[in-house]
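Chemist: Chain by chain, the residues:
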Amino acid sequence: MTADNDKKGASRRAFLKGAVAAGSAVAGAGMARAAEPDPLITEVQEWASGLGEGVDATPYGLPIRFESDVVRRNVEWLTADTISSINFTPIHALDGTITPQGCAFERHHSGAIELKKEDYRLMINGLVDKPMIFTYADLERFPRENHVYFCECAANTGMEWAGAQLNGAQFTHGMIHNMEYSGVSLRTLLTEAGMETTGDLSDKWVYVEGADASSNGRSIPMDKALDDVLVAFKANGEALRKEHGYPVRLVVPGWEGNMWVKWLRRIEVMDGPVESREETSKYTDTLADGTSRKWTWVMDAKSVVTSPSPQSPITHGPGPLVITGLAWSGHGAITRVDVSIDGGKNWTQARLAAEGQTKALSRFYLEIDWDGSEMLLQSRAHDETGYVQPTKDQLREIRGENSIYHNNCIQTWWVKENGEAENVEVS
Amino acid sequence: AADAKRIGLGREALPEEIAAWNVDVRPDGTGLPPGSGSVAEGEEAFIAYCAVCHGDFAEGVGNWPKLAGGDGTLADKDPVKTVGSYWPYLSTAWDYVHRSMPFGAAQTLTVDETYAITAYILYSNFLVDDEFVLSNENFLEVEMPNADGFIVDDRAETEYPLFSEPACMENCKESVEITMRAAVLDVTPEDDGAAAAEEAMKETNADTAAD
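So the sequence lines, in the order shown, correspond to chains X and U.
For the first sequence, my numbering gives the first residue as 1120, with consecutive numbering after it.
For the second sequence, my numbering gives the first residue as 818, with consecutive numbering after it.
No wet-lab data here; the hints were simulated from the structure.
Since this is a predicted model, take the numbers as computed values, not measurements.
For every residue, glycine included, the Cβ atom is placed at its ideal position computed from N, Cα and C.
Hints are all accurate, no fakes.
Cβ pair distances, simulated, as ranges:
| # | chain 1 | residue 1 | chain 2 | residue 2 | range |
| --- | --- | --- | --- | --- | --- |
| 1 | X | Asp1157 | U | Lys894 | 55 to 61 Å |
| 2 | X | Ala1407 | U | Glu1007 | 32 to 38 Å |
| 3 | X | Ala1407 | U | Cys989 | 22 to 28 Å |
| 4 | X | Thr1316 | U | Glu954 | 28 to 34 Å |
| 5 | X | Ala1256 | U | Gly889 | 51 to 57 Å |
| 6 | X | Gly1180 | U | Ala922 | 37 to 43 Å |
Between the sequences and the hints, there should be enough to build the whole structure, so can you do that?
Modeler: Written out as C-alpha cells, the structure reads:
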C-alpha cells in the first residue's frame, strides 16, 4: 500500500467500486469454502419467481443499468470546447474485438451533424471521364463488401508523449474503435465516374471531404484509394451512428482516423495533394529539430493491456488472473503479442483469441497465477511485417516529445499489492 | 484504368453543382477565385468575425488557436505553431478560412473578405506591412517562413528497420525503476464528470490536445 490510497483519483474510485462489487467473496489462494450457505442460492429471489419485462418493452435496447460505467468519456482540458473535440472508448471494460457503436469514440471538428439519407449527395469530380452525383439509394445498388477494420485517431496516446499523464486505458488508448463495415469499394465508384482520361494513375490523388462545416478535407494517393478504401454505410450490421458519419463515411484501413472522412460528400481526382489544413497545420508530426513529418498515414503496430488497468483493478486477490488486451497494426495482421509482468525484463508470449486479421483489432490473453506482489505490466505487439512495438524511449530518441501524433509506445501499468493499477513510465 | 464495367448508376454532375462544392485551393493557387482584400479591411473583418476567439491581433484567446506568433519556436520544448511559424502554404489559410470559418458560421465570408482576413493574418505575423493588399494575382508572391519545414513520412527508413529486430524475451535489462506516475499529476476526470484538471494543466496541455 502506498500514500496514493488517500488520493481521490479515478483509479481510487474505480478500485472502491470494484471492491464493493466483489462483496464478501473470499480472497486467497486455493479453493475457497463458504462458511455459511449463500442466501442468493438458498432463498428464492424475486427474478426466479416474478416476471421480467415483455418483449415490447424495448424496441431498441441499451445496456443494463449496472453497466453504466461503460460509456464514452470526455477530458475537458484537452480542447477549447466540446464541438471540435474528442471522447474515449471504454476499452478497459470491453472484451473481444468489436466495439459497440454506442460507446465507440467520437472525434468531430464542427460537431456531429444530422444528415438524412434523402438529403445525402456524393459528388465525384476532377480528373474523371464524367463528374458524377450519387444519391444514397444509388450507393446501395453497387456491389457490396464487408470488412472489419480499426479506426484509430492519429492523436491516440498523444497526451502521453512527455510522460505518464492520464490514468486509465480508456484515456491513454481509447481513441479507437473496431467495426465490421458494409459498403462499396472506392474503386467501384471511381470506375463509375470513369478514369480513361485520368492518365497515369500512379501520380494521381483523391481529395475527400465531408458535408460538415469543418469539411475535414484530406488528400489520399490513388494507389491507396484503389486498394482497400471503402465508402461505408453500415457498421456492425446497422446504419452508421450519426456521430460516426451517418449516412456515409470513408473507411481507410490501417491509416490514421482523421482520413476516415465522415458524412462524405465529395471525392475529387487530382494530380497532386491539396495540402489542406488537416494535413499541414494538423496531422503533421514535429520532430526534435523543428522539422515536421507530413503524410504519416499508417498507424504502426500497437497494443495495450486493458485489464488489469487503472480503471479495471484486480479485486479478487491473489490466484488465477486473466491479463487481457488489444493489439493492432496498420501494416497488416498481428502475429504475436508478448506480455511482461516485470517492466520488460522478461516476456511471455500471450495467446491470441483468434488469428490476426489485417488492419483490425486482435484480442490477447495471458492467464497467470498472481502471487499478490507488485507487477509492472506491459504488452508488445508484433505484426506480419516483422515490426515490433517500440518503447516510448525508443520513439522519443528518434522523434523527441513534440510529434503529438502516432504514439504507439509500449504502455506500463504498475499493479500494486492491493490490486490497484496506475499509469507509469519505467526506466 | 478500364479494368471494370460501369454499372450505370448516378447522374452527371452539373457545372453549377461542381462550382458550389469544389472550392478547394491548392499550394500553386489552383482554385483561387478572382478578388482582393487589404490588411485594413481584414482588420475590420477580423475584429467583427474572428477576434472573439482568436484575439484582436490573432494571438488567441484562452484555449482557442493562436494564428500569429511563435516564430522560431518549433524546436523548443513547447513549440507555438501558428500560420506564421508553422503553416507551409498560404493557400491552406485561405481555403480553410473560406470553407470552415468562423467556427459555428462557416461559409459566410465573401471571397474579398477571405483575401482581407488572410492579409490581416499575414500582417499579424509580421510577414507583410500594413499597406499590403492580397489578391489572386500576387498570392504566390507571399513567402511562408516554414515552407521548407516538412519532410515526407520517413519511418520506413528511420524507424522500421530499427524496430524490426528480434525481440528480447529474457533478462532484457538489469533493473526497472518507475520514473513517472500519472497519479502524481492527477488530471484524469473522475467518474462524476467533475473536471479534475487544474488551470495550470490547461495551459501546459493545450498544445498537445486531441487535434
